[in-house]
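Participant: Sequence:
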Amino acid sequence: MLNALCQVCKGTARELSSGRLWWVFPRPAPSASLYVTKPATCVGCIPKAIASCPRLRIEAHVYTSGKEYEPYGVLGDVLTLHADRAPRLTRNQDVPLDAFHRLEYTLARALTVHLRDLRREVPS
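If you're matching positions, the sequence shown starts at 1 in the working numbering and goes up one per residue.
Do not take every clue at face value.
[What the hints assert, rightly or not] Computed spacing ranges between beta-carbons, pair by pair: (1) Ala32 x Arg57: 18 to 28 Å; (2) Ala99 x Ala51: 34 to 44 Å; (3) Ala110 x Ala51: 17 to 27 Å; (4) Asp77 x Arg119: 25 to 35 Å; (5) Pro123 x Ile58: 12 to 22 Å; (6) Arg55 x Cys9: 12 to 22 Å.
Think of the hints as simulated: they come from the structure by calculation, not from any bench. C-beta atoms are modelled at their ideal positions from N, C-alpha and C, and glycine is treated no differently.
Kindly produce the complete structure, drawing on both the sequences and the hints.
Facilitator: And the structure:
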């Protein structure tokens, strides 16, 4: 994700002329700023991504994001330790990168990045 590679072909997911990144989501983006855990998809692989994913076959929404995006945190399983009771494992929690103590007890499953300047697109 940090290298902006396509999740299907592993080539660049950036639009060469504008530098924008292509994304396919199973639902409309609620705002122009979004946190995601899935990699981008190059414009050439969008049809293949939609055909390969059951959720996207039902409903697919294509967007581009601005050139810059930044790591926000991880999605993972967090172990919470309590002095007076047994440890508890909470699955699929978002943990920001600056939550150092929680990160120590997190088994990360995916990187979360913050996208900005999302625009709805129709691939050509």
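Participant: Now, for every hint given, state plainly whether the structure supports it.
Facilitator: For each hint, the structure was consulted:
Between Ala32 and Arg57 the C-beta distance comes to about 26 Å, which sits within the given range of 18 to 28 Å. In this structure, Ala99 and Ala51 meet the distance hint of 34 to 44 Å, their C-beta atoms being roughly 38 Å apart. The hint said 17 to 27 Å for the Cβ distance between Ala110 and Ala51, and at roughly 23 Å that hint holds. Between Asp77 and Arg119 the C-beta distance comes to about 34 Å, which sits within the given range of 25 to 35 Å.
The supplied range of 12 to 22 Å is met by Pro123 and Ile58, whose beta-carbon atoms lie about 18 Å from each other. Checked against the hint of 12 to 22 Å, the C-beta distance between Arg55 and Cys9 comes to roughly 20 Å, which is consistent with it.
In the structure shown, no violation is registered for any of the earlier numbered hints.
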